[in-house]
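K.L.:
Take a look at the letters that make up each chain.
Protein chains: 2
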Amino acid sequence: MQRVEPRVPSGFRDFSPEESRRRHWLFTQLRQVFELFGYDPIETPAVELLEILLGKYGEEAEKLVFRILNSGDFLKDVPEEIRQTNDYKKWLKHISDKGLRYDLTVPLARYVAQNRGKITLPFKRYQIQPVWRAERPQKGRFREFVQCDADVIGSYDPYYDFEMVLLLDEGFRKIGLGDHRKILINDRRLLQEVFKTFGIEGDGFRKATGIIDKLDKVGIDKVKQLLESEGFSADQIANIEQWLGFKDPEEARKYINDDEAIKPIITLLKQIKDPGITNVEWTPSLVRGLDYYTGTIYEVVLEGAPVGSVSGGGRYDNLTELFGVPNMPGIGISFGADRILTAMEMLKIEPWDTYHTNKVMVILATDKVSWKTLNSVVADIRAQNIPVEILPQKKMKKAFKTANNKNVRITIIIGDREVETAEWGVKDMQTGKQESIPVEKVAETVLNMLS
Amino acid sequence: MQRVEPRVPSGFRDFSPEESRRRHWLFTQLRQVFELFGYDPIETPAVELLEILLGKYGEEAEKLVFRILNSGDFLKDVPEEIRQTNDYKKWLKHISDKGLRYDLTVPLARYVAQNRGKITLPFKRYQIQPVWRAERPQKGRFREFVQCDADVIGSYDPYYDFEMVLLLDEGFRKIGLGDHRKILINDRRLLQEVFKTFGIEGDGFRKATGIIDKLDKVGIDKVKQLLESEGFSADQIANIEQWLGFKDPEEARKYINDDEAIKPIITLLKQIKDPGITNVEWTPSLVRGLDYYTGTIYEVVLEGAPVGSVSGGGRYDNLTELFGVPNMPGIGISFGADRILTAMEMLKIEPWDTYHTNKVMVILATDKVSWKTLNSVVADIRAQNIPVEILPQKKMKKAFKTANNKNVRITIIIGDREVETAEWGVKDMQTGKQESIPVEKVAETVLNMLS
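Heads up: the protein sequence lines correspond to chains A and B, in order.
The numbering used here applies: residue 4 is where the first sequence begins, and numbers increase by one.
The numbering used here applies: residue 4 is where the second sequence begins, and numbers increase by one.
Next up, chain A with everything else stripped away, as it sits in the complex (with noise of 0.2 Å):
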């Protein structure tokens, strides 16, 4: 048999029994903090429909998306002319029709359109699953991660907007972030008439406020030069500059007076103060990569750990327009897993119990065990929540090692002088001091030890 070397494709992860452990502990966190907020889970499938997939975003989802190839013979559905060309692209939609989703959203998209008839609106649902990205892998990008998501669809109510603050501040508290988390806002509706303003729209909002999005990694300078040689003028680039040095968005003032565009944000961060929320900051240079967001955004950052953005969000209208269902808004915010948990060890804020500091082994040296006694006994001691592991082993010194190995607390030892006499070992792995004890008092004497 050829020998095949043990890997991972590039850009993917095993995650080792501490890690999965800690993964499993934020998760558990998030999704309790959602359901109290009212949110419902949903769970979709790892695979959609290409149509679907790439139907909202284009080009943008082009590339990211992992292709399945069609099943069976994939080449019996490419046309002749198609066959001719080295043009890859003209070949995909004829060998491919699903995908791997990229993102929670055009999920919940689709679930809410198929299900329109089914659900409550407005619909809180969250959703913590894996999505895969066809990036080139980089330091900390990875091409499979888990996104928590939670949205609330089908209500344009600027309580909601509120909420998703709420909804931040909350769980960052729970998972032990609570001082380090930095909310920025901001709201895409002013943004676009105060750039209006300036002349730029369209195109040129798309590419300005692209580059703007950079200020805090690049610095002002890097952004004017970017500006300049994306041939803004010298009036906009001004312009602009100043803007980005406003602190309040009552200065938005200074350029329009349309109340729709600067009504929200005042809003809400009135709101945000009224209950003591703290350390949340109107951003204007906050622009937030997707295209569809529509009205307020959200980002956060943890101070201190200087990992990026861990979080983020906004309103969206019409996220059933691609199904034919017209009027039905959202918003919503996602948990980054991947750089939260780095950013929470590198400010050694580990919360999380990764292995069980109370694991008890049974060395099991002897054949003669009767398994009903040793069954009962187990069981009173898991009946605690206390894991046991029987590790059957003759050999002391090997099974003493192995019992470091896997941090054990307590081992109980059974050869077949214990059998005979009917006095287990029971050994305390961290004082050493190990006693023999009556059968019938193992359980409760592991059990005293531990409490």
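No wet-lab data here; the hints were simulated from the structure.
Just so it is clear, CB atoms sit at the ideal spot from N, CA and C, and this is done for glycine as well.
Heads up, some of the hints might be wrong.
Unchecked claim - Partial list, derived from the structure: chain A residues whose beta carbon lies under 7 Å from chain B:
id : residue
1  : Asp17
2  : Asp43
3  : Gly58
4  : Phe69
5  : Gln87
6  : Gln117
7  : Tyr162
8  : Asn378
9  : Gln387
10 : Pro390
11 : Arg412
On the provided structure of chain A, position chain B as indicated by the hints.
P.N.:
Chain B alone, transformed into the frame defined by chain A:
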């Protein structure tokens, strides 16, 4: 914009909030049992290299695997002579090097081989993750489903053959199916040695056992007919029929006297009786599909719920052979979440909470509320682990309809008048009784109503 039909690919599924909670409940129970037995969690990527996915099972796997088309210009690596053929199988390795995992055993093998220096043997791991199979969808057969696997790697000790029974027993007890589960066991070593005395080996063994595996579905007459049509002799068929009628593996001594083939299953059956585990049956027709089992095999069915096998597993040798790592035996079992949940519905055993019976909804019919006050009332209720949804809605009739649709137990009503009087409405949605409660007593009142 073109209109797309919202649907999932054939063989794939969404899970509604109710279904998601039910699944989450099941995974949580199994996770707890695995942890208490000393198994550690790992997670592996959805995507693996094809050389690994196809390395072990070859043809069997070829058809099962969803292949991922190489990113970018996938045509550039297809040799010219292959470009000219219509034999799509020749194309495959040039246009796709990755695929979706179709089980959790291949990734486990890869993980163990890759981390062999780091893990402590015996390595006890559990893994609860989805797998994908490009099979033709059928009723009850899906292309994406979650497997819940527990395996012990690196020990030949027969204790673990026993532990699998303990784990199955405890797993089904924990989810409320303890009285329904029947554990079938057999041993490949025994099957092989007995069939050798019938003159049936190699390919014939695979054919004959493939047929007898269907016994409980098709009956003995059909089995005999199938054996005949495959060219087995009258003597061989008579021998097989006798074998299938055996009730005790001791009867195999009629054919063989090979202790290594008989003793393990006899020892196991004895061990099982000792602690009083019942409803475990030696089943001479039990084979299990996969070629890689080499010792004890297990299958679980549920009496009263004819959904087929809900769990299965067995012992295997040389898990990591493909990677050039020898002597790595293993044993494991897998719980089939989908079939278990279907069976639980059939049996009306429904111990999960699919929705909160204590959900509270604040109907917010005013813009004048103090967020500070509202937030603190809501936080007091949520602190008792009770979900509170805030619904901004000025139309009371609509608000109550939404509350009913969402199974809300208690509503808190805040309109302009309630803000003025500092008395909020609290309504029991079951009795319809509504009272005005001073704001500072609202949380307490709601909590009392729920306790």
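K.L.:
With a cut-off of 7 Å on the beta carbons, see whether Gln117(A) makes it to chain B.
P.N.:
holds (4 Å)
K.L.:
For the restraint on Arg412(A), tell me whether the closest CB of chain B is nearer than 7 Å.
P.N.:
violated (12 Å)
K.L.:
Against chain B, with CB atoms and a cut of 7 Å, does the hint on Gln387(A) hold up?
P.N.:
For Gln387(A), the interface hint is violated, since the closest Cβ of chain B sits about 10 Å away, which is over 7 Å.
K.L.:
Go through the hint on Asp43(A) and say holds or violated, using the shortest Cβ distance to chain B against 7 Å.
P.N.:
holds (4 Å)
K.L.:
With a cut-off of 7 Å on the beta carbons, see whether Asp17(A) makes it to chain B.
P.N.:
Hint holds; Asp17(A) Cβ to chain B Cβ min 5 Å, cut 7 Å.
K.L.:
Holds or violated: the hint that Phe69(A) contacts chain B, with Cβ atoms closer than 7 Å.
P.N.:
holds (5 Å)
K.L.:
For the hint on Pro390(A), just tell me whether its beta-carbon gets within less than 7 Å of chain B.
P.N.:
Interface hint status for Pro390(A): holds (5 Å vs cutoff 7 Å).
K.L.:
Tell me if Asn378(A) is really an interface residue toward chain B, meaning its C-beta lies closer than 7 Å to one of theirs.
P.N.:
Since chain B brings a Cβ to about 4 Å from Asn378(A), closer than 7 Å, the hint holds.
K.L.:
Hint Tyr162(A) vs chain B: min CB-CB distance below 7 Å?
P.N.:
holds (4 Å)
K.L.:
Classify the hint on Gly58(A) as holds or violated, based on whether any CB of chain B lies nearer than 7 Å to its CB.
P.N.:
Status holds, d = 5 Å.
K.L.:
Answer holds if the nearest beta-carbon of chain B is closer than 7 Å to that of Gln87(A); otherwise answer violated.
P.N.:
Hint violated; Gln87(A) Cβ to chain B Cβ min 10 Å, cut 7 Å.
Going down the numbered hints, you'll see the structure goes against 5, 9, 11, while the others check out.
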